[in-house]
Amino acid sequence: MTEVRKPVEDLLTDYDIFEPEFVKDPYPSFSEIRESQCPIARTERYEGSWLPTRYEDVVAIAQEYETFTSRGILVVPPFPGQGEGAYGGVTAPPITSDPPDHHWHRRLILPVFSPQSVAKFEQGTRDLCNQLIDEVIDKGTADAAADYAQHIPVRVIATLLGVPLEMEADFTAWVRAALENILDAEGRKWARKNIIEFFLAQVADRKQNPREDDFITELMNTEVEGKVVPIEYVLGVCNLMLVAGVDTTWSAIGSCMWHMAQHPEHRKQLRDNPDLWPTAIEELLRMYAPVTMARIVDHDVEFQGCPMKAGDRVLMAFPAANRDPRQFENPDEVILDREHNRHVAFGSGIHRCAGSNLARLEVRVALQTWLERIPEFELVDKTDVTWAGGQVHGPRKCLVSF
Amino acid sequence: MRHICWPKPHFPILSARVTFISLTVMRVSVIDDACHGHQMCAIAAPEVFGSDEMGNATVLISGDIPAELQAKTRRAESNCPERAIVITD
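Chain order of the listed sequences is A and B.
Here the first sequence is numbered in my numbering, starting from 1 and rising by one per residue.
Here the second sequence is numbered in my numbering, starting from 1 and rising by one per residue.
Chain A with its partners taken away, still in its complex shape (with noise of 0.2 Å):
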């Protein structure tokens, strides 16, 4: 989409999310508008937002889930013709779900992602970063963003699902436009299209062929008070594991790799004290928290001092309220043995990121891997790292020498 984008005023009055600075370092804008007279930021643009920073307002908003719905999850309105047609009704459960239904659409994928669940996916996540090192490991150098951390929850996620690890490039496709590309209506549509026809394909295949152990198929079987549930839910499913299992995690473990380029410090801890690794992990979590999600207000009402009307698109700056400093000391500062850690990146309340168990799991292991193979290591160039922004803030181009 090439448009002339006019500059930004006043961060309070007419932020940004996707003006180019902004997409690359949001924290400064972030910290203006948190430590400013008005801590929540309005802006007129792609229909207009709110943007609350301060920790304890994006944690209210996402536990008052009456007021703040999740009819919609994006910043921008849907697509034109969006919610119609044969498929019209799928959206993303249980993210874009309110009570009452949502609280069924999360129970049946909940179980899932459990700790207990998840581990038996670390090995393989182990031989699958081994095996994108092996590709790098001679060459001496590597992009940590597009040769590594890429490739890692797609192909997880894809594993979980019982579907083709050669769609790998597809689904990154697909995922970009959904959640990344999000200004392009045009190409929202044509990944909204492209993944309800891959799954269509894969609940056909699954009815000829049913399989044991298998994600979909359990879930197609699936009763909920005593009918199976709707088609409409099981690629509502499918397409919340792709569009928020992939961007979202690769974005996380992109942007370790940017921090441990830089930090010998920290590796070095982390080598000497391994125990050390879940709280880092945290601490990093809380640091390079990838997701800002959006609420749509559902009656009008006054926050904070702001008359919100009904209708009008809230954005959880997640990644704004973990550093907040009245929160956390030295908010800014990676303290990987941080005490108190009531980090928010995963959300908070009843729409916790269900695959939170997961992503962190793949982080660690991507960040373990790595550094047993490659202990030392440092950006080519700071100023040559690119980054998505918007909703999903992590690296796509970190080039990485060795």
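These are calculated hints, taken from the structure and not from any lab test.
Virtual Cβ for every residue (Gly too), placed ideally from N, Cα, C.
Heads up, some of the hints might be wrong.
Said to hold, decoys possible - Covered stretches of chain B, going by a simulated chain A footprint (3 or more residues, C-beta under 8 Å):
{"id": "1", "stretch": "39-53"}
{"id": "2", "stretch": "61-67"}
Unchecked claim - Not everything, but these chain A residues come out facing chain B in the computed CB check (under 10 Å):
{"id": "3", "residue": "T69"}
{"id": "4", "residue": "P111"}
{"id": "5", "residue": "F113"}
{"id": "6", "residue": "S117"}
{"id": "7", "residue": "Q123"}
{"id": "8", "residue": "G124"}
{"id": "9", "residue": "L336"}
{"id": "10", "residue": "H340"}
{"id": "11", "residue": "S356"}
Said to hold, decoys possible - Pulled from the structure, derived: some chain A residues nowhere near chain B, Cβ distances all over 12 Å:
{"id": "12", "residue": "S114"}
{"id": "13", "residue": "D205"}
{"id": "14", "residue": "F215"}
{"id": "15", "residue": "E282"}
{"id": "16", "residue": "P307"}
{"id": "17", "residue": "A310"}
{"id": "18", "residue": "R338"}
{"id": "19", "residue": "G347"}
{"id": "20", "residue": "H351"}
{"id": "21", "residue": "L371"}
{"id": "22", "residue": "T383"}
{"id": "23", "residue": "L399"}
Use these hints to put chain B onto chain A, whose structure you have.
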């Protein structure tokens, strides 16, 4: 709150300078409605917290938290984004 206190055995007469050894009893519970399964308690204190089938927190220790796990348990409390952990001591 229950403290078991003994006066310091030295110089019992100088009671103004008495110091105490206190053994704190700690118990912990999870508010089920508040827990949304972040599992950050189990990361901070895996000996104390686990997960049910849905990924929500469970307390693995019934009764008093052993002294050597109390610091970890406090850490778990201070890492819960839902403030769902209640420590009584």
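Structure-based check of each hint:
1. Look at the stretch 39-53 of chain B against chain A: 8 of its residues bring a Cβ nearer than 8 Å to a Cβ of that chain, three or more, so the hint holds.
2. With 0 residues carrying a beta carbon less than 8 Å from a beta carbon of chain A, the stretch 61-67 of chain B misses the three-residue requirement, and the given coverage is violated.
3. The restraint placing T69(A) at the interface with chain B is violated, with a minimum CB-CB distance near 17 Å, outside the 10 Å limit.
4. Below 10 Å, beta-carbon pairs count as interface contacts, and P111(A) has one with chain B at about 5 Å; its hint therefore holds.
5. Annotation: interface hint on F113(A) holds; nearest CB of chain B at approximately 6 Å, less than 10 Å.
6. Proximity of S117(A) to chain B holds as hinted, the smallest CB-CB distance being about 8 Å (cut-off 10 Å).
7. With a cut of 10 Å, the hint placing Q123(A) at the interface with chain B is violated, because the nearest CB-to-CB distance is about 20 Å.
8. Restraint check, G124(A) versus chain B: the minimum CB separation of about 20 Å is more than 10 Å; hint violated.
9. Because the smallest distance between the Cβ of L336(A) and any Cβ of chain B comes to about 13 Å, over 10 Å, the interface hint for this residue is violated.
10. Interface hint status for H340(A): upheld, as the beta-carbon distance to the closest one in chain B is roughly 4 Å, under 10 Å.
11. With 10 Å as the threshold, the beta carbon of S356(A) comes within range of chain B, its nearest partner Cβ sitting at about 7 Å, so the hint holds.
12. In this structure S114(A) is not separated from chain B by more than 12 Å, as the shortest Cβ-Cβ distance comes to only about 4 Å.
13. A cut-off of 12 Å between C-beta atoms confirms that D205(A) is not in contact with chain B; the least separation is 29 Å.
14. Distance check on F215(A): its Cβ is at least 16 Å (rounded) from any Cβ of chain B, clearing the 12 Å threshold; non-interface status holds.
15. The beta carbon of E282(A) is not kept farther than 12 Å from every beta carbon of chain B, the shortest such distance being approximately 6 Å.
16. With 12 Å as the threshold on Cβ separation, the claim that P307(A) sits away from chain B holds: the shortest Cβ distance comes to roughly 28 Å.
17. Here A310(A) stays apart from chain B, with its beta-carbon at least about 26 Å from theirs, past the 12 Å limit.
18. The claim that R338(A) lies off the interface is violated: its Cβ sits roughly 9 Å from the closest Cβ of chain B, which falls inside the 12 Å cut-off.
19. Listed as a non-interface residue, G347(A) fails to keep its Cβ farther than 12 Å from every Cβ of chain B; the least gap is roughly 9 Å.
20. Look at H351(A): its CB is around 8 Å from the nearest CB on chain B, not clear of 12 Å, so calling it non-interface is violated.
21. For L371(A), the requirement that its beta carbon stay farther than 12 Å from each beta carbon of chain B is met, with the minimum near 19 Å.
22. Every beta carbon of chain B lies more than 12 Å from that of T383(A), the smallest distance being close to 35 Å; the non-interface claim holds.
23. Distance check on L399(A): its Cβ is at least 32 Å (rounded) from any Cβ of chain B, clearing the 12 Å threshold; non-interface status holds.
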